[in-house]
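Asker: Could you build all of it, start to finish, from the sequences and the hints given here?
Those protein sequences? They're chains A and B, same order as listed. As numbered in numbering that gives the first Met the number 0, the first sequence has no gaps in its residue numbers, which increase by one up to the final residue, 312. As numbered in numbering that gives the first Met the number 0, the second sequence has no gaps in its residue numbers, which increase by one up to the final residue, 506.
Keep in mind that the hints were calculated from the coordinates and are not lab data. If a hint is listed, it holds; no wrong ones were tucked in.
Pairs of lysine-lysine residues, derived as DSS-like cross-links and limited to a Cα-Cα distance of at most 30 Å, are as follows:
| hint | chain 1 | residue 1 | chain 2 | residue 2 |
| --- | --- | --- | --- | --- |
| 1 | B | 401 | A | 49 |
| 2 | B | 137 | A | 49 |
| 3 | A | 49 | B | 432 |
| 4 | B | 214 | B | 75 |
| 5 | B | 290 | B | 322 |
| 6 | B | 437 | B | 458 |
| 7 | B | 462 | B | 401 |
Covered by chain A, per the in silico footprint, the following chain B stretches (three or more residues, Cβ under 8 Å):
| hint | stretch |
| --- | --- |
| 8 | 34-47 |
| 9 | 192-200 |
| 10 | 226-237 |
Glycine residues also receive a C-beta, built at the ideal position from the N, C-alpha and C atoms.
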Amino acid sequence: MLAFIVRRLLSGVVLIAVISFLAFTLLYAAGGDIARRILGENATAETVAKKTAELGLNRPLLVQYGDWLSSAVTGNLGRSWFNGELVSVSVSGRLSVTLSIVIGATLVSAILSILLGVLAARRGGVIDAGVQFLSLVGFAVPGFLIALLLVLVFAVNLGWFKATGYTPLTTSFSGWVASVVLPIVALSIGAIATVAQQVRGSVIDATSRDYVRTLRARGLSENSVIYRHVLRNAGGPALAVLAVQFVGLLGGAVIVEQIFAIPGMGQLSVRATTQGDIPVVMGLVIAFAIIVVVVNLLIDLAQAALNPKVRLS
Amino acid sequence: MFRWKATAALAVAAALVLTGCSGGGSGTEGSGSADRLTLTAIIGPTSYDIGAGAEYGNRSPFFQAVFDTLLQKDSKGEIQPWLATEWTYNDAKTVLTLTLRDGVKFTDGTPLDASAVVASLERFRDGTSPQAATLAGKEFAAVDATTVTITQAAPDPSLVNLLSVAPGLIEAPSSFGNADVATNPVGSGPYVLDTASSVTGTTYNYTANPDYWNKDAVKYQNLTINVLEDPTATLNAIRAGEANGAKIADNNTISEVEGAGWTIESNELDFQGLLLLDRAGTMAPELANVKVRQAINMAFDREALLQSLQSGYGTVTEQVFPKTSVAYDESLDSTYPYDPAAAKKLLADAGYPNGFTLNMMSTPAFQQTFDLVAQQLSDIGITVNYTDPGTGNFITDMLAPKYPATWMALEQNPDWQLINFMIAPSATFNPFKYEDPKVDAYISTIQNGSQSEADTAAKELNKYIVDQAWFAPFFRVQGTFATDANTNLEFWPTNAYPSIFDFSPKN
Numbered sequence: 000m001l002a003f004i005v006r007r008l009l010s011g012v013v014l015i016a017v018i019s020f021l022a023f024t025l026l027y028a029a030g031g032d033i034a035r036r037i038l039g040e041n042a043t044a045e046t047v048a049k050k051t052a053e054l055g056l057n058r059p060l061l062v063q064y065g066d067w068l069s070s071a072v073t074g075n076l077g078r079s080w081f082n083g084e085l086v087s088v089s090v091s092g093r094l095s096v097t098l099s100i101v102i103g104a105t106l107v108s109a110i111l112s113i114l115l116g117v118l119a120a121r122r123g124g125v126i127d128a129g130v131q132f133l134s135l136v137g138f139a140v141p142g143f144l145i146a147l148l149l150v151l152v153f154a155v156n157l158g159w160f161k162a163t164g165y166t167p168l169t170t171s172f173s174g175w176v177a178s179v180v181l182p183i184v185a186l187s188i189g190a191i192a193t194v195a196q197q198v199r200g201s202v203i204d205a206t207s208r209d210y211v212r213t214l215r216a217r218g219l220s221e222n223s224v225i226y227r228h229v230l231r232n233a234g235g236p237a238l239a240v241l242a243v244q245f246v247g248l249l250g251g252a253v254i255v256e257q258i259f260a261i262p263g264m265g266q267l268s269v270r271a272t273t274q275g276d277i278p279v280v281m282g283l284v285i286a287f288a289i290i291v292v293v294v295n296l297l298i299d300l301a302q303a304a305l306n307p308k309v310r311l312s
Numbered sequence: 000m001f002r003w004k005a006t007a008a009l010a011v012a013a014a015l016v017l018t019g020c021s022g023g024g025s026g027t028e029g030s031g032s033a034d035r036l037t038l039t040a041i042i043g044p045t046s047y048d049i050g051a052g053a054e055y056g057n058r059s060p061f062f063q064a065v066f067d068t069l070l071q072k073d074s075k076g077e078i079q080p081w082l083a084t085e086w087t088y089n090d091a092k093t094v095l096t097l098t099l100r101d102g103v104k105f106t107d108g109t110p111l112d113a114s115a116v117v118a119s120l121e122r123f124r125d126g127t128s129p130q131a132a133t134l135a136g137k138e139f140a141a142v143d144a145t146t147v148t149i150t151q152a153a154p155d156p157s158l159v160n161l162l163s164v165a166p167g168l169i170e171a172p173s174s175f176g177n178a179d180v181a182t183n184p185v186g187s188g189p190y191v192l193d194t195a196s197s198v199t200g201t202t203y204n205y206t207a208n209p210d211y212w213n214k215d216a217v218k219y220q221n222l223t224i225n226v227l228e229d230p231t232a233t234l235n236a237i238r239a240g241e242a243n244g245a246k247i248a249d250n251n252t253i254s255e256v257e258g259a260g261w262t263i264e265s266n267e268l269d270f271q272g273l274l275l276l277d278r279a280g281t282m283a284p285e286l287a288n289v290k291v292r293q294a295i296n297m298a299f300d301r302e303a304l305l306q307s308l309q310s311g312y313g314t315v316t317e318q319v320f321p322k323t324s325v326a327y328d329e330s331l332d333s334t335y336p337y338d339p340a341a342a343k344k345l346l347a348d349a350g351y352p353n354g355f356t357l358n359m360m361s362t363p364a365f366q367q368t369f370d371l372v373a374q375q376l377s378d379i380g381i382t383v384n385y386t387d388p389g390t391g392n393f394i395t396d397m398l399a400p401k402y403p404a405t406w407m408a409l410e411q412n413p414d415w416q417l418i419n420f421m422i423a424p425s426a427t428f429n430p431f432k433y434e435d436p437k438v439d440a441y442i443s444t445i446q447n448g449s450q451s452e453a454d455t456a457a458k459e460l461n462k463y464i465v466d467q468a469w470f471a472p473f474f475r476v477q478g479t480f481a482t483d484a485n486t487n488l489e490f491w492p493t494n495a496y497p498s499i500f501d502f503s504p505k506n
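Answerer: See the structure below:
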């Protein structure tokens with residue numbers, strides 16, 4: 000297993016190196032006149048030229064990338080061109096915010112999708128049709144629309160939650176709850192729709208197997224059959240879908256963080272990309288790539304723990 | 000049974016926790032009281048280091064909170080003493096002498112004396128802040144602990160005004176070498192940035208400076224400025240009562256803001272329209288003929304453009320000088336009535352009966368504007384050939400210059416700044432360096448004449464460039480700021496964002 004983990008981590012490093020070069024090249028090509036964008040229309044041509052030189056943007060692409068890479072491997076990701084903050088501080092400060100929303104949404108969607116999927120598979124009939132209908136609605140309604148409706152009803156009209164901003168857990172628990180509940184709900188609905196369908200299908204498939212009939216014949220309770228045996232077998236595909244959903248939720252956070260004005264990685268991504276803040280975008284690319292590599296590795300390990308037939312090789 | 004009870008109890012407890020959360024985490028406790036003022040802005044500071052990012056406009060509250068300026072504008076826009084208590088010019092208007100307030104200290108305890116002021120002004124002048132060039136060529140000297148002189152080669156009628164905005168911000172020289180100078184400002188201003196609870200680019204929390212020299216001017220103990228770039232998020236914050244004052248970036252939301260019980264304050268600082276840059280016709284020979292430029296001015300239905308593009312929020316205009324300028328003349332706004340037939344005749348008189356093709360830039364962010372401009376010019380026979388310069392290149396290509404004319408939204412600064420921004424031969428937005436002896440003469444009088452001579456010359460200059468159709472302005476855009484029911488505001492007429500000193504609690 001150790002060799003597997005080391006191999007996966009090494010391939011992750013190569014992946015991150017390739018992604019960083021591609022991202023840097025694309026940003027450089029699409030960046031336009033960064034110094035003018037920083038300074039605005041009031042600056043004279045001389046001031047713009049001075050800023051361009053100060054940022055080192057008058058050097059060749061490969062030299063700039065080489066400089067960035069040599070600093071990045073030492074942990075120095077530079078400073079934002081647009082607000083002077085250390086990129087490592089920008090990204091790490093916002094990582095906890097985004098993860099608290101995305102992990103919350105993943106947990107909520109995992110629990111609810113398992114409950115709904117099992118319920119639909121076991122009860123069938125109207126309940127199954129109802130769960131399938133709700134899944135369809137979850138698929139069909141865009142996340143941003145759900146987010147806007149949630150804000151209007153629960154923040155603006157009822158005043159139960161915050162409409163904008165984020166309160167860190169360390170500052171106030173109730174404030175933190177008020178700031179993350181609506182974004183988590185907005186993010187979860189689409190994921191629940193997807194994973195619940197996957198759980199339902201896997202449970203129906205597993206309950207038709209011979210070993211389930213044998214377990215029932217031995218007199219095990221239905222709950223024991225379903226939750227101790229069927230779910231263990233049905234869990235593999237659901238876990239794979241959940242992993243994909245987790246990565247997808249990181250993308251979904253971009254929209255949700257904009258609507259709720261939450262200072263997370265999604266909001267930072269939008270701002271840095273539209274501004275052309277290359278150091279920040281590069282820091283985000285690296286952070287997202289590391290998250291994806293680690294999550295995929297953890298899911299592989301979890302799959303192996305759930306199902307002994309899965310070999311880590 | 001027991002499980003249901005437990006579940007119900009948990010649900011009730013959760014509901015109580017969440018209900019208790021309502022507004023609790025909003026940071027608006029004491030909203031409208033003297034405890035906290037919560038504002039929203041549409042953009043954050045690029046750097047607190049005045050040598051790298053000092054800026055007014057929409058970024059002014061961030062700088063006003065932590066730094067003082069040498070002079071200060073009151074709510075009417077009049078210059079008042081601030082760090083400098085007196086200021087006088089020599090007869091040639093080449094040396095400005097400032098007398099500094101005694102005993103002022105920066106928040107790190109170092110003294111704000113003449114040598115600190117000189118160091119700060121030099122840092123701004125030699126740095127890369129957007130307006131750094133406004134202090135170019137000026138020399139600063141500390142005569143004694145409370146006297147500073149600014150020496151310039153020629154009179155600069157904008158200097159006193161500049162010292163009340165970004166170029167006049169004073170930063171502690173002791174902080175110049177700090178690694179976090181961009182994010183942890185040290186000034187002498189009314190507030191101190193709480194870096195621990197602030198999130199750069201998003202939320203800025205300030206606490207009142209306990210040693211501030213002008214405590215009467217500070218009406219709130221705490222100040223929070225949240226950066227909300229998305230107009231929908233701003234509207235939601237307003238509706239949910241999560242702020243006391245908000246910059247409204249989208250005037251289409253004004254009725255909803257008023258519906259939430261908020262008060263709208265407004266001013267007009269920018270104009271939108273065409274810059275007919277190639278007046279000598281080096282790139283587009285047609286534009287060298289004043290009749291062509293006048294015909295272009297007559298092609299636009301300005302009222303319709305204002306309705307379509309700004310929902311009517313603004314005022315149509317045909318001049319680039321703002322209403323606050325001595326050069327402004329309301330009658331000039333009816334120089335070129337919308338008249339496509341007369342415009343066509345002017346084009347024919349100029350030798351272009353079949354019109355011509357004009358190359359301009361477009362950018363997707365303002366597609367509706369570009370479509371309407373092309374359509375109205377097409378009505379008089381001018382075909383617009385648009386090129387998208389790509390992200391981030393619009394202004395760069397305009398100033399290169401790569402196009403003879405362009406649509407643009409430009410600031411309407413005080414007269415001398417405006418002249419050096421878009422009219423003078425060396426102005427940033429005169430990229431073809433077009434020169435007209437008559438204009439040069441007016442500019443010379445404005446720079447060197449007495450106040451009354453300068454005022455008269457400014458009026459004549461404005462009339463002349465309107466008659467010569469240097470520009471084709473459409474309208475001045477309404478800048479909007481909203482305040483909640485608990486907050487008073489006097490919105491100064493000369494900046495996009497209100498002065499933080501002009502907010503006060505109603506009770």
